[in-house]
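All chains should be modelled from the sequences, with the hints used to inform the complete structure.
Number of protein chains: 2
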Amino acid sequence: MNGNNGKAGTEGRTGKSGANTAESVKTLVIHEAVVKKVQKGIPREEILYDLADFFKILGDSTRIRILYALNISEMCVWDLSFVIGISRSAVSHQLKILRQANIVKYRKEGKIVFYSLSDEHIKSFLDNGLEHIEES
Amino acid sequence: MNGNNGKAGTEGRTGKSGANTAESVKTLVIHEAVVKKVQKGIPREEILYDLADFFKILGDSTRIRILYALNISEMCVWDLSFVIGISRSAVSHQLKILRQANIVKYRKEGKIVFYSLSDEHIKSFLDNGLEHIEES
DNA sequence: TCTATATGTGAACATATATTCATATATAGA
DNA sequence: TCTATATATGAATATATGTTCACATATAGA
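Taken in sequence, the protein lines are chains U and B. According to the numbering used here, the stretch in the first sequence is residues 1 to 136, in order. According to the numbering used here, the stretch in the second sequence is residues 1 to 136, in order.
The list treats identical chains as interchangeable, and a pair is accepted whether it falls inside one copy or across any two copies.
SDA-like mimics (lysine to any residue), calculated; alpha carbons at most 25 Å apart, straight line:
1) LYS96 x TYR49
2) LYS37 x ILE133
3) LYS105 x SER118
4) LYS36 x GLU120
5) LYS96 x SER116
6) LYS105 x LEU130
7) LYS123 x VAL113
8) LYS36 x ILE47
9) LYS123 x ASP60
10) LYS105 x GLU120
11) LYS123 x ILE133
12) LYS40 x VAL113
13) LYS123 x ASP53
14) LYS36 x SER116
15) LYS37 x SER116
16) LYS123 x ILE47
17) LYS111 x ARG88
18) LYS40 x GLU135
19) LYS105 x SER116
20) LYS105 x GLU135
21) LYS96 x SER124
The hints are simulated quantities; they were obtained by calculation from the structure and are not laboratory data.
Have a look at this one:
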């Protein structure tokens with residue numbers, strides 16, 4: 001779940017370069033003003049990777065189904081497996097990923113482990129995503 | 001970008017089954033009340049797959065960087081390539097995916113194609129995600 | 001029409017990853 | 001301690017997918 005971090009080198013630019021007045025900028029292939037503005041305003045690399053990793057975890061239908069199930073009620077692995085229709089082993093593997101990302105938490109009651117969403121922030125985020133999809 | 005939709009069969013359940021009174025439910029491995037509540041409240045399968053697909057598209061660092069760049073200003077392919085530090089070809093491939101998902105739109109001005117986020121909804125969603133990550 | 005430039009895309013390759021299978025661990029009760 | 005049950009996990013496999021490379025397409029201007 002960390003396949004995002006392969007930095008890539010820049011391609012050589014064949015466009016004109018050199019000193020540019022505010023006027024001439026508009027004629028360049030690279031629009032310097034825009035580029036500078038974006039470079040200044042875009043979130044830090046680390047943040048962007050964290051964002052991608054977070055979304056990537058949500059970008060799997062098994063995990064999504066687990067999360068929207070847990071958004072309704074805490075559940076044990078067995079119940080999750082039953083509701084989602086996938087093996088308990090597969091559920092367990094995905095829960096591990098969700099655990100490591102601090103998206104779900106769990107409590108033990110004897111042999112049974114109950115999973116739930118880790119906080120209200122995740123809940124509202126899931127609700128937000130659902131709204132977004134339902135509106136399109 | 002549609003690798004989510006492999007339905008999986010349910011695993012055989014070895015737990016006890018059959019009629020259960022409200023009392024006996026609590027003693028089963030499968031907690032029927034919870035299962036029924038979740039089955040009733042969980043979003044439809046189609047919605048869940050759409051959600052997973054949407055998040056999966058956001059779950060790539062190249063596409064995330066493109067989107068958070070476009071969240072600041074519309075940009076042409078060349079500029080995007082320069083800002084993000086990845087080949088124009090790779091940018092173009094990713095833009096195609098974002099286009100097909102209606103996450104970005106574009107306008108042509110001569111040879112140059114300017115891309116931008118498709119609507120305010122996407123913008124607010126990206127802002128939301130950023131907040132979420134920055135708070136953790 | 002011919003050239004230069006900006007972008008788009010198919011195929012190949014390398015990597016990432018979700019599931020299955022077998023097995024391990026943990027807990028409760030006899 | 002021994003058994004049954006619930007969950008966890010390592011390895012293997014099949015599939016998915018991001019980038020590169022080569023080339024195609026589109027537009028402007030000579």
